[in-house]
Amino acid sequence: MLFLCLHHLPTTFVARRIQIAEESLVSMLSDRNPEGMEILYDNYSSALYGFIHRIIQNDEISEDVLQETFLRIWNNFSKYDPGKGRLFTWMINVARNMAIDKVRSKEFTQKQKNRELSDSVSSLDSGNQSTYNPDTIGLKELIRKLDPEYKQIIDLLFFGGYTQSEAAEKLNIPLGTVKTRSRVAIQKLREQFDKTISL
Amino acid sequence: MDVREYISSGVLDLYAMGALSTSEIKEVETMCTSYPEVAAELRKIQDTLNDYSKVHSRNPRPEVRASMMSKITATEKGKIVQLRSTHELTYKYLIAACIASLIISTFASVFFYQKWSEAEDRYVAMINEKNVLAQNLNVVRYNYDKMNHDLSLMRDPAVTIVTLRSSDTTKYYMAHVMWNKYTRQTFIDVADLPVPPDEMQYQLWALVDGHPVDAGVFDMGTDAGMQKLKAVTDAEMWAVTLEPKGGSESPTMDQMVLLSKI
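So the sequence lines, in the order shown, correspond to chains A and B. Sequential numbering from 1 applies to the first sequence in the numbering used here. Sequential numbering from 1001 applies to the second sequence in the numbering used here.
Heads up, some of the hints might be wrong.
Claimed, not checked - Computed from the model, here is a short list of chain A residues facing chain B with C-beta under 8 Å:
id	residue
1	53
2	54
3	58
4	71
Simulated from the structure, these hints should not be mistaken for laboratory data. A virtual CB, placed ideally from N, CA and C, is assigned to each residue, including glycine.
Whole structure, please, built from the sequences with the hints as guidance.
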């Protein structure tokens, strides 16, 4: 019961979520209808915020990046091509690019230094930070069981913005291994999700 | 191309995680359009990553939503206001241009109307002047023709000019008679004679073989000039008498006004 609605995840904890077909939402946003933006925010802000937070690891900066991400989605919506993939996939890419740009910016590294000086405790271990989302706690447990080498490759490439050669260098493994390990990592992930759904 | 091998290579997974270079990205996208199986597999991978992203879901502070929405409505309003204000500005410029051209054309109309009526007045004046000149020219030409005619008569070698003077030596009345000996034509040119009373007319007489012959009556007038009278045969003497209007058959001797010398 806990993992039933994973593909429309998570439905229970945000009361104002509106159920709307993706095509209708896309057409609202193409027409630059601000209401579409409200629905988009209500349906995806927690997923995008969690994703951004995973990269940035700071509430305030993550919220800024979240806002910038939604503004970019709003202003560049004409660039979204539904034939190329789901809306959420595209949004995750926008958020990912913005968050990684932020992490690599001078301003961020400066802040990060100061932050590390004041409290060096809560950085990097993302596991402790996602307690706001009770629906996914169980799933997190499962993912934690994922082989560290698979988790690591996804963390570097997907959340870290590493290219495959950068990842190869970082992990000190051949380029071909980065590829195959990525393949296996995602298949393992998929297995985990399939398991939770069938439960 | 072995599709299964391509899928299991892991390139789609790298693509979905954003770990490929631009040229590799293009390659994957062409593969997806050519092989539906590749596209389907990529979709599955993306769904897995989407789910994985959602695992990390957490709620931003509620203020973030309001702040974002106000920014979005602000960009929209800004656009609308800007659009409208540029339109208004264009209209303002158009109206200003219309008013300016109206004022200019009004002034121009008044100016040209004045010029036109001035020109019209001058034109009428010139037409009148031209008519006066033409009339004057006609008078001059008439006089010229007449004088030319008179002069040609006097210049004719066949013409004899006789001067007639007052028989009363206290008065300086005078006239000239011109007589052509071939054509026998007679002309009189009055130089100075008093204006005759009404019902009276001057009459020229030619003395032929001792007898007075009527040579015709003539009028007095400033522009009378040379007047053609009756043809007479060779005259010994000429005389002018004052006679009742229409002339007499024989001269009234006590009314003799002019007489030529013998």
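Problem - Cut-off 8 Å, beta-carbon criterion: hint that residue 58/A touches chain B - result: Result: violated, 12 Å to nearest chain B Cβ.
Problem - Restraint check, 8 Å cut-off on beta carbons, for residue 54/A near chain B - result: holds (5 Å)
Problem - Hint validity - residue 53/A Cβ closer than 8 Å to any chain B Cβ - result: OK, holds: residue 53/A within 8 Å of chain B, min 6 Å.
Problem - Interface hint for residue 71/A, Cβ within 8 Å of any Cβ on chain B - result: holds (6 Å)
The structure shown violates just one earlier hint, number 3.
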